[in-house]
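As given, the protein sequences belong to chains A and B, one line each in that order.
In terms of my numbering, the numbers along the first sequence are unbroken and rise by one, the last being 895.
In terms of my numbering, the numbers along the second sequence are unbroken and rise by one, the last being 1023.
No lab work stands behind these hints: they were computed from the structure.
Remember, predicted model here, so these are calculated numbers, not experimental data.
Backbone N, C-alpha and C fix where the C-beta goes; we use that ideal spot for every residue, glycine too.
Watch out, some of these pointers could steer you wrong.
Unchecked claim - In silico lysine-lysine, BS3-like type, Cα no more than 30 Å apart, as pairs:
1. B/Lys-892 - B/Lys-494
2. A/Lys-779 - B/Lys-1002
3. A/Lys-787 - B/Lys-592
4. B/Lys-978 - A/Lys-762
5. A/Lys-621 - A/Lys-577
6. B/Lys-803 - B/Lys-784
7. B/Lys-977 - A/Lys-792
8. A/Lys-762 - B/Lys-1002
9. A/Lys-867 - A/Lys-792
10. B/Lys-634 - B/Lys-568
11. A/Lys-762 - B/Lys-494
12. B/Lys-976 - A/Lys-787
13. B/Lys-976 - A/Lys-779
14. A/Lys-787 - B/Lys-987
15. A/Lys-745 - B/Lys-978
16. B/Lys-987 - B/Lys-895
17. B/Lys-978 - A/Lys-792
18. B/Lys-987 - B/Lys-892
Claimed, not checked - Here are some of the chain B residues that sit facing chain A, going by a computed Cβ distance under 7 Å:
19. Ser-956
20. Gly-957
21. Cys-958
22. Lys-959
23. Ser-960
24. Ile-962
25. Leu-964
26. Gly-999
Said to hold, decoys possible - From chain B, some residues computed to sit far from chain A (all C-beta separations above 12 Å):
27. Asp-410
28. Arg-760
29. Glu-806
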Amino acid sequence: MPDKPKIAFYWCASCGGCEESIVDLAEDILEVAQAVDIVFWPVAMDFKRKDVEAMPDGSILATMVNGSIRTSEQEEMAYLLRRKSQILIAYGSCAHTGGVPSLANQFSREQILRYVYEDAPTVVNEQRVRPQPRHQHNGTAVSLPEFRGLVRSLDQVVEVDYYLPGCPPTPKLLKQAVLTLLSGNLPPKGTVLAPDTALCDQCPRKETKPTDLKINEFKRPHWTQIDPNTCFLAQGIICMGPATRSGCEAQCISGNMPCTGCFGPTSRVRDQGAKILSSLASSVNAREPEDIEKILDGIVDPVGTFYRYSLAKSLLRAKVTR
Amino acid sequence: MSEQKNGEVRIGVYVCHCGANIADTVDVKAVAEYAATLPGVVVARDYKYMCSDPGQELVQEDIRNLSLNRVVVAACSPSLHENTFRGAAERAGLNPFFVQMVNIREHDSWVHSDREAATEKAKDLVRAAVRRVYFHKPLEKRRVPIHSEVLVVGGGIAGIHAALTVANSGKKVYLVEREPTIGGHMAQYDKTFPTLDCAACILTPKMSAVKAHPNITLWTYSEVVSVDGSVGDYKVVVKRKPRYVREDLCVGCLQCIDTCVFKEPKFDDEFNMGLSKRKPIYIPFPQATPKVVVIDPESCIQLKTGKCKKSCLEACVERGAIDFDQKETYEEIHVGSIIIATGFQTFDPRRMPQYGYGKYPNVYTTLEVERLVNASGPTGGQVVTRDGRVPKSVGIILCVGSRDENTNRWCSRVCCMTSLKLAHLIKEHTGAEVFIFYIDMRAAGKGYEEFYQRVLNEGVHFVRGRVAEITDWALDPSEEGKLVARVEDTNTGFVRRIPLDMVVLAVGLEPQPDALNVQRLFGIGCSMDGFFLEKHPKLAPAPTYTDGIFIAGVCHGPKDIPDTVMQAGYAAAEAIALADTGYFELEPNTAYIVEEECSGCKSCIPLCPYQAISFNEEKKKAFINEVLCKGCGTCVAACPSGSIKQNLFEDEEIFSEIEGVLAYAQ
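Could you build the full structure based on these sequences and the hints that come with them?
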């Protein structure tokens, strides 16, 4: 019997939710495990980096990496897994477009370290000690990975073959992706393995979206009683659905929460945030600058709203903090 | 650059000297030499006048001999010569949309003086175009058929002349006028400058001709209420207001007016600027066209209360033309093009209280004096003041509501000549001393300067200075019972007080109060001053940015009768040419929806300024009518899922252009 195809999972700067989503396959995971050999999965299995280094290059059929890239260690692992894998898949929003961690690109490395190790209200650090990449402790050299200046998506570090979008991707998309890989009938390189229309297309509330939104006020979801049957935008609640790739089966919408954009833009769009901004700003129902200003003031944290998952891959990428 | 996708790209770059216009500030040779080094560029040349025949021939020869499939011309604005070079490419067998222009004149040589920096900028702009043109695709112009019918909106001299011109060419015309009669402001004038032709004598035959013309459908007392569609097929709905008199039965005998229960006219006569009275049932003026009476629902007892003897009905019992039950009706028509000639309003001098209009009865506007000197006017041509005196001294103040930071900044163009004419007529009618208070006398026009000289020789006094105020406060006995103009005579340097029996304010011309509604209704532009915007101030002063809609007369900007007639004729000629061509070629830079990619979120629909986008309820997708699309790109930018594309402005074209222009920073 020939060897089963080898699959690996790895995580970089991420919350662990993507790992959960793999477990969310439930009993289907048995089917996957039967079809493939999982050769590396730090969360669940006890293999080390040196084991991967020992594998021949290209010996892994596919590696799914979740999380964005912030540290030198994550970079090294990305390079290593790229070398060992025939197919590298960016798994989840962070690997795909930078994800929530890339919102940190609004701040410099120095700003972040100072806040986290000195200024945060819960920190007591009178000597202002900060973690150092190299340190001597009782005569032993210990090291930490370097903390890079920017958060990057996986494809900003190594070449990526496919993307599974979502925060996290749905088990259904994962299963489909694995089956596609095993079938050998591969889509063109660079494909995002989800439908290429925006979420409105699948939204159960599509019928209730008015032609002209005429937004008089932006409301945050927790400020208001949300009508469970009406388009969020029609209720003045920012919904990223029009600018976000579908494939999630509108799960948030079904839970009466607006889309926050985790599936990223469609293949035609370079900057998800700019697109929804351009669209929503045109729907503001005011003519005078001060009235427009007043309505727009209702958008608290525009970057965190419109670029929640995609700042690293946006045209801006980061705030210039020099 | 993906060679597989676009085949082998062979670009020719042509840098124009524009005589010295560009070459003086930009080192055109250096730009061409630089362009030759760019990827994909096969040939780069500079030439003295690219737009000349030999210049175009240069491009065509290269296309044929060097198998060019992209052309970049660095010269002037594409609004001037894009079509020239597209045409040249087409004649050489290349799809014209493989041509890209770079504006190194208006955007570069004309606005810079540093030769070195301007040359670098030209290189940047050329590099951007070279990168962009790489992604160009062959495009085809689409043709839409043109209805030959023409709608003319407004029945003043502009609308009348345009309607007659179009009708004489054999096309059907609908002429829609808001008032009960056509004729407009010109019908109110007494004489016309500089020839002193009687305005009515030259206008009324044209009015009759409109009424009698077999190709003209005249709808007075009517207004356009909706406009849909686009060039070639505008669907227009016209509201016909009830005049309570049946137009098909009334013969204009006017007996109904005589028998009206109001024995004396007691309502302000609009045509005579309120200087006389009319009855509730009236005809605006004797030569009104159509000669059909109209009942004013605001003053007619029957229409207001339902309790009147209705003696007018009795007077017309045989014809039965009077119909108190008449309701407004709506007519729907299809026309290929529209000429808008909605005219103007005169400045309301109450906005300049220092001149006392509305406060002192003997302060008049020029339009009121037109009626006073007119033989069929309220006084039968007698120039008498409101208190019944024949004035011995009359002052005419120019630029009231014109050339004034506080009111309107523009010159109304007609007031100087109107005032000269009225000075002459007042002098002729009364022998009064006439003073003209002016800032500058503007008498540009055929025979105008000569007329100015004539009035000068007639002894009219010209005082150069802006009148500070008109007052009735007498300082000495000679001023008792008179109005006094306080003015600095800037020719002599003295502040003067000039006692006057009558003051005439030469009021300026303004856009109609509802011009903004008209602008929106027809989807045309407006300049800062509120007058309708022409497509080009010099070379297309009647077309608008909306294809198939033309403007004529003062709705476009102040002008006198000859200029109005010329513009109306020009607008008519454009409409006729369009109808005779039979089709209209659409620029292909339109937007389109990639249907399978559209999520049906409708974000684009309300944004389209041309109402070109609709929602297909069956497919749940948006749809762009490419005939209506003007290629503004608003929907393309706003489509949140990037599912709208625009020919000539696709993402890769725009991003490559931006990358090209910014490449110097790398």
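Now for the hints, and whether the structure bears them out:
As the CA atoms of B/Lys-892 and B/Lys-494 are separated by approximately 28 Å, the hinted pair is consistent with the 30 Å bound. Between the alpha carbons of A/Lys-779 and B/Lys-1002 the distance comes to roughly 23 Å, so the proposed pair stays at or under 30 Å and holds. Straight-line distance between C-alpha atoms of A/Lys-787 and B/Lys-592 comes to about 28 Å, which keeps the hinted pair within the 30 Å bound. Note on B/Lys-978 and A/Lys-762: the hinted pairing holds, with a Cα-Cα distance of about 29 Å set against a maximum of 30 Å.
With a C-alpha separation of about 21 Å, the suggested pair A/Lys-621 and A/Lys-577 falls inside the 30 Å cut-off, and the hint holds. Using a Cα cut-off of 30 Å, the hinted pair B/Lys-803 and B/Lys-784 holds, with the two alpha carbons roughly 23 Å apart. In summary, the hint linking B/Lys-977 to A/Lys-792 is supported, as the alpha carbons are separated by about 27 Å, within the 30 Å threshold. Of the pairs offered as hints, the one joining A/Lys-762 and B/Lys-1002 holds, with about 24 Å between alpha carbons and a cut-off of 30 Å not exceeded.
A distance of roughly 13 Å separates the Cα atoms of A/Lys-867 and A/Lys-792; the hinted pair therefore holds under the 30 Å criterion. Between B/Lys-634 and B/Lys-568 the CA atoms are separated by roughly 27 Å; this keeps the pair inside 30 Å, and the hint holds. Taking the CA atoms of A/Lys-762 and B/Lys-494, the gap is about 25 Å. The hint holds against a cut of 30 Å. Only pairs whose Cα atoms come within 30 Å are accepted, and B/Lys-976 paired with A/Lys-787 is accepted, the gap being roughly 24 Å.
Between B/Lys-976 and A/Lys-779, the direct Cα distance comes to roughly 13 Å. Compliance with the 30 Å bound is thereby established for this hinted pair. Taking the CA atoms of A/Lys-787 and B/Lys-987, the gap is near 24 Å; set against the 30 Å cutoff, the hint holds. The straight-line distance between the Cα atoms of A/Lys-745 and B/Lys-978 is roughly 27 Å, inside the 30 Å bound, and the hint therefore holds. For the hint linking B/Lys-987 to B/Lys-895, the alpha-carbon distance of about 22 Å falls within 30 Å, and the restraint holds.
As the CA atoms of B/Lys-978 and A/Lys-792 are separated by approximately 28 Å, the hinted pair is consistent with the 30 Å bound. Between B/Lys-987 and B/Lys-892 the CA atoms are separated by roughly 14 Å; this keeps the pair inside 30 Å, and the hint holds. With a least beta-carbon distance of about 4 Å to chain A, the hint placing B/Ser-956 at the interface is held under the 7 Å criterion. Against a cut-off of 7 Å between C-beta atoms, the interface hint on B/Gly-957 holds, since the closest Cβ of chain A lies about 6 Å away.
Evaluation of the B/Cys-958 hint against chain A yields a held restraint, the C-beta minimum of about 4 Å falling below 7 Å. A hinted interface residue such as B/Lys-959 counts as satisfied when its beta carbon comes closer than 7 Å to some beta carbon of chain A; here the least separation is about 5 Å, so the hint holds. The interface hint given for B/Ser-960 is met, as the beta carbon of that residue sits about 4 Å from the closest beta carbon of chain A, less than 7 Å. Because the beta carbon of B/Ile-962 sits about 5 Å from the nearest beta carbon in chain A, less than 7 Å, this interface hint is met.
Below 7 Å, beta-carbon pairs count as interface contacts, and B/Leu-964 has one with chain A at about 5 Å; its hint therefore holds. Given hint, B/Gly-999 at the interface with chain A, holds; its Cβ is 3 Å from that chain's nearest Cβ, closer than 7 Å. Here B/Asp-410 stays apart from chain A, with its beta-carbon at least about 43 Å from theirs, past the 12 Å limit. Look at B/Arg-760: its CB is around 30 Å from the nearest CB on chain A, clear of 12 Å, so calling it non-interface holds up.
With a cut of 12 Å on Cβ distances, B/Glu-806 stays outside the contact zone with chain A, its closest approach being about 47 Å.
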